[in-house]
Amino acid sequence: MRFILNLTRREIRSSWRRLLFFFLCIALGVGSVVALRSLIQNLTRAVGTDARALMTADVDISSTNDFTPTEISKIEAAVAESGIVDGRNETINTSSMARPSDPANAHVKLIELKGIEPPFPLVGDFVLDDGTPFDFSLLANNGAVVAKILLEDLNVQVGDKIHIGEGEFQIRGVFDEEPGGTGGFRLGARVFVEKKAFDDAGITRNAGRVRRRILYRTTDNPTELVGKLRESLKGTTLTVQSYRETQENLGEQFARTENYLSLTGLLILVLGGVGVWNVARAFVEQKRKSVAVLKCLGAGGGRIITVYLLQILTLGFLGSLFGVVLAQLALLFVRWRFVDALPAKMTYAVNFSTVVQGVTLGVLISLLFSALPLLQVRNIKPKLLLRDENNASIRRLDFTKWLFGALSLLGLLGLAVWQAGSVKVGAFFLGGLGATTAVLYLTALVLTRLLRRFRNIGPFALSQAVNSLYRPGNQTRIILLAVGLGAFVVLAVQSLQTNLVREFDFTRNQRLPSLFFVDIQKSQVEDIAKLIESHIGEKAETIPTVRARISHVNGEPFDFAQRETRQQQGQIGREFAVTYRAEMDNNESLLSGRWWNAEPGDVPEVSVEKEMAGILKISPGDSMTFDISGRKITARVANIRKLDLRNTRTAFVFVFRPGALEKAPQTFAATILKRTSATDRQRLQRDTLEAYPNVQIFDVADIVATVQRLVSNFVMAISFVGSFVILSGILILIGSIALTKSQRIYENAILKTLGAKRLTLTAILFAEYGLLGLLSGLIGDGFATILSYVVSRYVLNINWEFDPLLGVGGILVTALIVMIVGAAASFDVLFRKPLSTLRSQ
Amino acid sequence: MIQLIGVTKTVRSGTEDLTILSDVSIEIPEGQFVALTGASGSGKSTLLGLIAGLDAPSSGRISIDGDDITAMSEDGLAEIRSAKIGFVFQSFHLIPSLTAFENVLIPMEIRGIRDAGDRAAELLRDVDLTDRGHHYPAELSGGEQQRVAIARAFANHPKILLADEPTGNLDSKNGQHIFELMTGLHNQRAVTLVLVTHDHALAAEAQRQVILKDGRVESDVMSDG
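From first to last, the protein sequence lines stand for chains A and B. Position one of the first sequence corresponds to residue 1 (the working numbering), numbered consecutively onward. Position one of the second sequence corresponds to residue 1 (the working numbering), numbered consecutively onward.
No wet-lab data here; the hints were simulated from the structure. Incorrect hints may appear among the rest.
SDA-like cross-link-like pairs, simulated, lysine to any residue; straight-line CA separation at most 25 Å [to be verified]: (1) 289(A) x 96(B); (2) 539(A) x 691(A); (3) 289(A) x 40(B); (4) 289(A) x 72(B); (5) 617(A) x 794(A); (6) 289(A) x 133(B); (7) 289(A) x 11(B); (8) 741(A) x 828(A).
Isolated chain A, as found in the complex (with noise of 0.2 Å):
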């Protein structure tokens, strides 16, 4: 033990140079997992450990309408049965228009009003920028307390007055981050009012979209109470919801989410790994001579494989250790680079309970990947040191070595189950792994096939160097696997982010509108469409609108006790805009049913969408009860219909034929489709809303924005992965060089002795790491064309083109990577003096 442990001390002294690369993989595929698994419980931390603040109550009960005398006394009937309520407060909201009071300012945005009465937040607290906690008083006589980034949208200050609805309200106090909020994706700024005040504002009057809920906090566990107000509310459309259920959820989705995220960080080490096992491959391949000695000097070879062992777990642990160093600095990139999209309680540090599983994770991999090179030290005889022998039996797989490898895989296979917190996706990851390398090899096989045709045709570096690609022990396919991997990974994204981009790029759809007006009066239609009209000269289309809820399907009504249809709650138990039309749309096609003509028929008919069709499970011939402010609408489903969202002016999910709608309480929506100056938009929303407060208009532009910076953080995100991707390959890269490097001194020292000049050497170098990249750049850019393709029209059924730029460019760069990187590790061949080498051979 005492000469294992020695010798493991003086190795590492003498070596760890030599194994840099390996505790690098390690580190970069440490880093990866941490600093993944960190940031997304770090993010949990921030917004979903504490459900009962996100939701600032214990007990939800919401509805779209005004909740009934019947529906109250029921909800107040099983409250007073359980007695554990203590505190009670009622919200509502809806997004509504703000814009100054002060008429010299032109500005109009949509806000998210929230009325509110006291005792407010029930959970958690309320501070207002100046750090001041939250105050009703605040809000008395039509005050209101507004997010910050109003002040800059409206561009506003506290104690300036603003207009929303109907209603005046002056502007008090200003907050960071509001009780329950997420710092979510969010169309409009939050803004505060008294529950009072919001009535009289009008904005409830007419609006659909508007949120009513009953709060409670309780002093005992609320299950019971929250299954009693589902029974007793069953058949009504109010959701009931606790905060335990809300953290079942989000606890879930987190995990769910930490999970997914960390198998990409498990890619990351697997791609370190690979390198590990080059290193590994390199590392025994050097020491032969130091084995064969050692064994001469009485050594057996399980004791030496145990010090080369020992070696690799301690650096495998430093790497991993350095990991989480690296781990640290990407957070604190995230913090300095994502910090607005972030909740502001979010925290920066690595966790402890990640740190462990990283390191562990690092040690284990570390293991696996250099157990089965390893392994050759036991095949290495010690007379290699009277007569250096082609050691063909070391590169033989015998049984111990299948035994092994068949170990690393189940060992792998148990990382990623672990990762993934689920054997089936643990196993679908490491099989989807296995493919895509397959896939990707077999390609740089016939690639590689393909360019040795081609060996004797053009100048001697060319040859040379494609001869280079298949010199003994080459790596060529390893470099192509790894490095196209990456490229991969990092062009698919861009080609997404480029044609996500274009899509949302409006100037482009000529059918998205650039402006929306919904809640629009039937009395108002007309003068709108002429004010419309007369400010930039388009007829504005017009459509009906209804808010309806689905209340039963079949007769059956939703059962929210079940944790499948609840976790469905937020699709099937919302309000939806529905309208009635006599014609199918143009970008919309029949899946199955059949269209109805003109004239209303016998019973009510609705075409339903095919998305919904298979979440309710329906088809034609079934039928649908809709809650229309009360009343219910039975409706036979007439067809199932598909929306070409590429072309498209407005979605509805439900469409009735003509004849069952028309009596009930609708407004209507109007879309502009002429592209006019962001100042003429300003311009016609604030005279609209002068003129008619009730309407609400969203302005494409802004959306677009939102959605564009979202999409950005997004792409910026996974690029970061990616290119941890790309780092790992590039660590592949130089680890395989150093294992051939040797081989590429001999070459080098017997083209000089040939006569060969270090510009023809140089000139054979680049050349050959300039078709390595090439090489890789092709396989991992038609590879990303193609997955980037699939994606876009299959996935998020968006419009997908080629884009040349990305196309060439990022075949270019990966090869100008390839060879910087390539004829940098290995340039020293170039000056070493040829007759040691041949010497020494």
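Start from chain A and add chain B according to the hints.
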């Protein structure tokens, strides 16, 4: 005592079998200094390697102190080498990642000898390298490297010292020095010394000269002295 009975070694060269040693039988009593000579390719180094258990004969038997090493496992052979055999190579074969001192220390550590530092220092002193112990092989001259190799070979008090052209990579002055060092240690410690050499002058100093030709013993004579 080293005993070789009917030892043959055949290796595969391309598609053909090549016989390196053919039916060699030699007996070397304890404490004898034997010089193995012969032309290049005559099988000298192979024979030495077989005695050290670095390779196995294709047929025949080799025994050391009565133990048949041809029947031993890799680990058993390693044990024999560690306990009884010291080896000096033409190309020194020091471990480049260890200092001179550590190279000498290694065989003792492999045997599990504690506090071997003093003995390593003593061995380095014996080969006149007291001040060079902390140097790595690359920082030593060829002669110095070979002295370290000799110190290493003597680390575990071997009964047998096998030397494969130990002066072959050295100039004549250094070669003479190394040779004197080995024969001096042989005399002091009464070890069996088997020396492979091309140098007739050095071979003449041995107690016995075995000449190999085409893998067979051509002559086996005791020196006059």
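Inset, instruction - Assess, step by step, whether the Cα of residue 617(A) is no farther than 25 Å from the Cα of residue 794(A), and give holds or violated. - result: The hint holds at about 22 Å.
Legend entry - Agreement of residue 289(A) and residue 11(B) with the hint, judged by alpha carbon distance not exceeding 25 Å: With a Cα-Cα distance of about 21 Å, the restraint between residue 289(A) and residue 11(B) holds, given a limit of 25 Å.
Inset, instruction - With a cut-off of 25 Å on the C-alpha distance, tell me whether residue 289(A) and residue 133(B) pass. - result: Roughly 21 Å separates the two Cα atoms, so the pair holds.
Inset, instruction - Would you mind confirming whether the straight-line C-alpha gap from residue 289(A) to residue 40(B) stays at or under 25 Å? - result: holds, 23 Å
Legend entry - Pair hint residue 289(A) and residue 96(B), alpha-carbon separation not exceeding 25 Å: holds, 10 Å
Inset, instruction - Please work out if residue 539(A) and residue 691(A) have their alpha carbons no farther apart than 25 Å. - result: Roughly 19 Å between the alpha carbons, so the hint for residue 539(A) and residue 691(A) holds.
Inset, instruction - Decide if the proposed pair is consistent with the structure: residue 741(A) and residue 828(A), CA atoms, cutoff 25 Å inclusive. - result: With Cα atoms ~10 Å apart, residue 741(A) and residue 828(A) stay inside 25 Å; holds.
Inset, instruction - With a cut-off of 25 Å on the C-alpha distance, tell me whether residue 289(A) and residue 72(B) pass. - result: holds, 23 Å
In the structure shown, no violation is registered for any of the earlier numbered hints.
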